[in-house]
Structure formats: structure tokens, C-alpha cells
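Peer 1: Go ahead and model the full structure; you've got the sequences and the hints to work with.
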Amino acid sequence: MHLSYDDQRIKDVNNRVLAFNNGSSLMLGKVNKDKQDGKYYFITNNHVVNNNNTIETPW
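Here the sequence shown is numbered in this note's numbering, starting from 4 and rising by one per residue.
Calculated directly from the structure, the hints in this document are not laboratory data.
Every value quoted in this text rests on a predicted model; they were computed, and no experiment measured them.
Heads up, a few of these hints could be off.
[Unchecked claim] Derived lysine-lysine pairs resembling DSSO-like cross-links, with alpha carbons at most 27 Å apart: (1) 42 to 14; (2) 33 to 14; (3) 14 to 38; (4) 14 to 36.
Peer 2: Below is the structure:
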């Protein structure tokens, strides 16, 4: 998205996006309402098997 795009919904989504080495992630929200609890729900497209090319046989 271009930085000048002025839609609050898009800005909210952009504020929740994280970049990883081999993918990206999106924070969906907190697990619970406890302010002392730092657990959040995330979705990711980060690849798990063979993502660093060091696993020759992932089975």
C-alpha cells in the first residue's frame, strides 16, 4: 500500500504486520484482556520445513 493511502482500516492492518526472514505475519489480537499477559494470536506464511536450507531430509 502506498503510504498516502488514507483508509483507517488499512492503517490498522499495516500496524499489525510483521516481517520475518522467509515470510510475514499478522497480529490478530490479544489472547485475553489481561494487560499483564503478553500473549497474542498471530497468523503467518513463514515456511517451516527446509526454510534455511540446512535440513537435507525433513522427515
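Peer 1: Looking back at the hints listed earlier, which ones does the structure fail to meet?
Peer 2: none
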